[in-house]
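Chemist: So the chains spell out like this:
There are 2 protein chains.
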Amino acid sequence: MKYLLQIDFPHNGPFKKDFEVAFSDLAKDIANEDGLVWKIWTENEENKEAGGIYLFDNLDDAQRYLDKHTQRLNSFGYTDLRAKIFNVNETLSSITKISL
Amino acid sequence: MKYLLQIDFPHNGPFKKDFEVAFSDLAKDIANEDGLVWKIWTENEENKEAGGIYLFDNLDDAQRYLDKHTQRLNSFGYTDLRAKIFNVNETLSSITKISL
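Residue numbers (my numbering), protein chains in the order written: chain A, 52 to 151; chain B, 52 to 151.
Keep in mind that the hints are not guaranteed to be accurate.
You can't tell identical chains apart in this list, so a pair holds if it fits in one copy or across any two.
Calculated lysine-lysine pairs in the DSS-like style (CA-CA distance at most 27 Å, straight line) [as the list claims (entries may be wrong)]:
id: 1; residue 1: Lys99; residue 2: Lys79
id: 2; residue 1: Lys148; residue 2: Lys119
id: 3; residue 1: Lys148; residue 2: Lys68
id: 4; residue 1: Lys68; residue 2: Lys53
id: 5; residue 1: Lys67; residue 2: Lys135
id: 6; residue 1: Lys53; residue 2: Lys99
id: 7; residue 1: Lys99; residue 2: Lys68
id: 8; residue 1: Lys53; residue 2: Lys148
id: 9; residue 1: Lys148; residue 2: Lys99
Calculated directly from the structure, the hints in this document are not laboratory data.
Here chain A stands alone, though its shape is the one from the complex (with noise of 0.2 Å):
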């Protein structure tokens, strides 16, 4: 069963290219991450938010990284994040037009 992981939080910046660079090797190192399946990163410059949308192949490494993450993010300085862990409905989604 899939496990979606989804992170967002207040963020004055870089966005687009800048936070490209800013971030490509922690991209790199989440990469690695046990049971992740995929991350895709979010950004709003007009509203000064990021975020993160996970896919995990098991609860406990869903979990897990949060846990790790919300400290690393709290140890750059990011506070109020906002954090939910769902089950992915995988039949309706490929109706959708993803396969998970």
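Please arrange chain B on chain A, whose structure you already have, making use of the hints.
Modeler: Chain B only, in chain A's frame:
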């Protein structure tokens, strides 16, 4: 450029197979929305929440769909919707194993 819409809301059920049966016709309708690349259906029986993660290929359709879906969810009796639209950082996402 791709846009990610995340929506979640309190949901008392149905979940899993019953959720699929209840919403498969709606899923077929949503699959035909203009600009929609895909939707992931999310549910959390323990926390009594559900939602969706959507990828759109343009911002106008993401905003149009959010307005339409908000009215539909309200007509179903759902309240306290939480919705955010983000840009997707495609370069960082590709490092973390998803092509958008």
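Chemist: Looking back at the numbered hints, which does the structure fail to meet, lowest number first?
Modeler: none
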